[in-house]
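A.B. asks: Here the structure of chain W is known, so what remains is to put chain R in place on it, guided by the hints.
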Amino acid sequence: MASESAVVNRNMYKRIALLVLLFLANLAGAAEGEPLVFGVLNQQSPALTAERWNPILHYLGVATGLTFQLRMGRTVQETDAMMGRGEFDLAYTNHNFQREYDGAYKVIARWGGEPIRCVIAVPADSPLDSLQSLRGRRVAFPSREAFVAYAVPKTALSSAGVRVEEVFAGNQEGALAQLKARQVEAAAVNSRFLQQYAEREGLRYRELHVSEPFLELPVIAHSRLPRDKVEAIRRALLGMRHDERAGDLLLKLKFSGFEAADDRQYDNVRRTYRLVGE
Amino acid sequence: MKRISLQARVLLLAICVILAISLLDLASTAYVQVRDAEKRMTDQARSIGSALVPSLQNDLVVGDLATAQQTLDRVQGHAFFKRLDLLDAASAKVLLAGRLPEATLAENGVPDWFARLVDIRPSPLSIPIEAGGVRYGALLVEPSPAILERDLWHYLWLVALLSLITLAVVLPLFILTLRGGLRPLRELAASARKFGAGDYSRRAPDATVREIAQTARAFNRMADNIQTLFGQLRASNATNRRLAIIVEQSGEIILTLNNAGIITSWNAGASRILGYTTEESIDRNIAFLLPGTGSDENGLLASQFEDTQAGDRHEMRFRAKDGRTLDIALGLAPLLDEDGRRVGLICIGRDFTERKRAQDEIRRINAELEQRVWERTAELEAANQELEAFSFTVSHDLRAPLRALNGFSKLVEEDAGDTLSVQARHMLQRIHAASLKMERLIDELLKLARLGRQELQRADTNLSGIAEDIRADLAEAQPDRRVSWHIEPGLTARADRVLIRSVLDNLLRNAWKFTSNREEADISFTSSKQGNETVYCVRDNGVGFNPAYADKLFLPFQRLHKAEQFEGTGIGLATAHRIVKRHGGRIWAEGAVGQGTAFWFTLP
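Protein chains in written order, with our numbering: chain W, 0 to 277; chain R, 632 to 1235.
Chain W on its own, in the form it takes in the complex (with noise of 0.2 Å):
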């Protein structure tokens, strides 16, 4: 009896252990098979948004061999507040660099092209000629959330003791459409959507002020994310210029590609939440 005992416990136990095991793979497998949360900035809607990022994403599982799952907010402070509560495993966003979020994730590369810069506009017959004669003047933003277009300026008129009546328009294109419709006095964009929306729209414009120029907005990684990862993701986005299999994603996307980039050049963009946020 004791010896029937015996090989029965035997046998629990090497079931017992199987199932850990089994479950203990199970686990990895899983932890293998989930796709990286890839979060984007609120800039366009969340279709655009998919449509210009999902290829960029399948672009990346096909050279990384991983995948990933775009995921965002309906709002820029869901999307922030997502990326502050680690939901994202990268992300394409400089909101990162706000006090409150800064650290959590570093930056492995930068949207390719020639920084941008804010430019604050007014209508070229306008009389307004320098940041004081807007004080108490209506002055369209795109957001609050923006940040070329929205902290920058906004600095940059505090720094000059300037309050305006702030207007905002939802995005660039409405701030740049009621400046031209005279709805407002001067509109705070950045300065490359102002060159083309002035080139399609025909708008006579003349800058109040102008920026420091600001990188393009970077892809972070969250610092959990494995290194060997992280690299091979870096890899694939600042190769991606040079892949034949991106070319006509590129090209659909009018995009040149993406460059490397660190967390020190956006210091910058740090300084001026810091500022906005004092």
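By construction, these hints were calculated from the structure, which means they are not laboratory data.
Owing to the predicted nature of the structure, the values given are computational and were not obtained by experimental measurement.
Heads up, a few of these hints could be off.
As the list claims (entries may be wrong) - Sample of chain W residues facing chain R (criterion: CB under 7 Å; computed from the structure):
#1 Gln43
#2 Ser44
#3 Pro45
#4 Ala46
#5 Ala49
#6 Glu50
#7 Pro54
#8 Arg73
#9 Thr74
#10 Val275
Stated by the list, open to error - Take a look, some chain R residues computed to stay more than 12 Å from chain W by CB distance:
#11 Gln688
#12 Asn689
#13 Ala964
Claimed, not checked - Here are some of the chain W residues that sit facing chain R, going by a computed Cβ distance under 10 Å:
#14 Arg51
#15 Trp52
#16 Arg70
#17 Gly72
#18 Glu77
For each residue, glycine too, the CB sits at the ideal point set by N, CA and C.
C.D. replies: Structure of chain R alone, referenced to chain W:
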């Protein structure tokens, strides 16, 4: 089958056609509308679904299913879709389903039969929701037929209402137009009806519709023909009635037989003459009328009738019902049908029993008369012979004593004249003269007697020439007389030359004689036309005569003047009268005492 007027038929047909066309049009329109609406609904559903996609893209990209549910519910609030579901991208299971509001779930007022009839079944659509090559799900949209059914139901009601209104407006106009259009036809029908009712003068009026006008003209031609035929038929009927009356009321027997000799018709005259009624005679063989045993003893057998021609006549003896045997004169004619085939015999008989009896009597009397005439003729011939013998006797036997008397008286005068006294000689001379006169009288009488027996020998005779000869003789005999003659030249006649010379000699000598006491005597022989007759006239201006005795002028020995005044025998005019009569002519005299005489005579 109830008779319906043409107008009602056309109206009914038009309404049926209008209704059928309207229904067909409505059905086809409804069908097309349904099919178009289905396609439109599908397109619209695709459009709405496609419009929803960006919003749902946003919701699904950010994982906001609550907003997506709100979006679906909000769209479903329009009740356009029967289903509006969001399907899971991987499992295709319903992730979210748009919810219809309670109000829209209520009845749409469309009857079930109508929904089943139109059977609108728009196809569901599945619209994928993708962004950047990633499929987030699919939107399943299935349009609801309720709205379409309701719209279609309302549309059909509207169309039906409009159709009724249109029909109410168009129908009176159509009826008016139809009545106007059919008026010539109605008038034609009325004309035909009245014509059929006996108004044969009725004619159809002319019409502007070509076919009706042609029909009206054809009807009028037919009516003309019928009217003419009716007129002819009436005349024929009248003739037939008249003939029937004549036949029926005829006093003669008129009956018809078939080829077997069976009596097929029997008139009242036959009943009256033969005593048998029509009922007793019809369908019986004609033989029952034949005397004896009914055999055809008169030879009038049916077989013999076969050769009868129209106008054939027979005399037969029929036995009357009362047993009398009647002599019947039958006129026969074959009875022919329309094709000219002989089907019997027409017999028209007349009872000539009495006439035959009278004829027999007349024949008998004539025979007696002929016998008498023959006897009388014989007597006359005997008398004539006696008369001739008498004349011969007179001419010879009377002449002999006269010649003796004349001769002896002449001898006495010559032998003893000197011895005789003057008175005796005078008496002898008178005896001699009287004997000569008597001899002339005998000669004239003989001549007159011969005239009755002498045969006429007519020839073309020159009367004027004869008159001229006589005039010359007379003038030569008494050349000292002053007489004015006027003889019309060229007078001729077809007459016996010898006898007509005697007539003219008597008349001209008569004129010469009775104008002897005229210083200037006028004697003429002329002619004149009285109708077709030539009348010759011998006129003189002599002593004339008393017209009261004109009828005695031409009698023998009748003298209207004393012999002392004018000598004569009294035989001349009687002779002239007899000669003219023998020529078939007439002779008469006109005159007055002292005013001359005119003798007229004709020579046919």
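A.B. asks: Hint by hint, say whether it matches the structure.
C.D. replies: Cross-check of the supplied hints:
1. Checking Gln43 of chain W against chain R by beta carbon gives a least distance of about 10 Å; that is not within 7 Å, so the hint is violated.
2. Interface restraint check: Ser44 of chain W against chain R, minimum CB-CB distance 6 Å, threshold 7 Å, status holds.
3. At about 4 Å, the closest approach between the beta carbon of Pro45 of chain W and any beta carbon in chain R falls short of 7 Å, and the interface hint on this residue holds.
4. A least Cβ separation of about 4 Å between Ala46 of chain W and chain R falls short of the 7 Å threshold, and the interface hint therefore holds.
5. A distance limit of 7 Å between C-beta atoms decides the matter here; for Ala49 of chain W the minimum to chain R is near 3 Å, and the interface restraint holds.
6. Look at Glu50 of chain W: its Cβ gets to within about 5 Å of chain R, closer than 7 Å, so that hint holds up.
7. A least Cβ separation of about 5 Å between Pro54 of chain W and chain R falls short of the 7 Å threshold, and the interface hint therefore holds.
8. Against a cut-off of 7 Å between C-beta atoms, the interface hint on Arg73 of chain W holds, since the closest Cβ of chain R lies about 5 Å away.
9. For Thr74 of chain W, the interface hint is violated, since its Cβ never comes within 7 Å of a Cβ in chain R; the closest pair sits about 9 Å apart.
10. Interface restraint check: Val275 of chain W against chain R, minimum CB-CB distance 26 Å, threshold 7 Å, status violated.
11. Taking the minimum C-beta to C-beta distance to chain W, about 4 Å, the non-interface status of Gln688 of chain R is violated against the 12 Å cut.
12. For Asn689 of chain R, the non-interface assignment is contradicted: its Cβ lies about 4 Å from the closest Cβ of chain W, within the 12 Å cut-off.
13. Every C-beta of chain W lies more than 12 Å from that of Ala964 of chain R, the closest at about 126 Å, which supports listing it as non-interface.
14. With a least beta-carbon distance of about 7 Å to chain R, the hint placing Arg51 of chain W at the interface is held under the 10 Å criterion.
15. Below 10 Å, beta-carbon pairs count as interface contacts, and Trp52 of chain W has one with chain R at about 6 Å; its hint therefore holds.
16. Among the interface hints, the one on Arg70 of chain W holds; its C-beta lies about 7 Å from the nearest C-beta in chain R, closer than the 10 Å criterion.
17. A cut of 10 Å between beta carbons decides the hint on Gly72 of chain W: the least distance to chain R is about 6 Å, and the hint holds.
18. Checking Glu77 of chain W against chain R by beta carbon gives a least distance of about 8 Å; that is within 10 Å, so the hint holds.
The structure is inconsistent with the numbered hints 1, 9, 10, 11, 12, although it conforms to all the rest.
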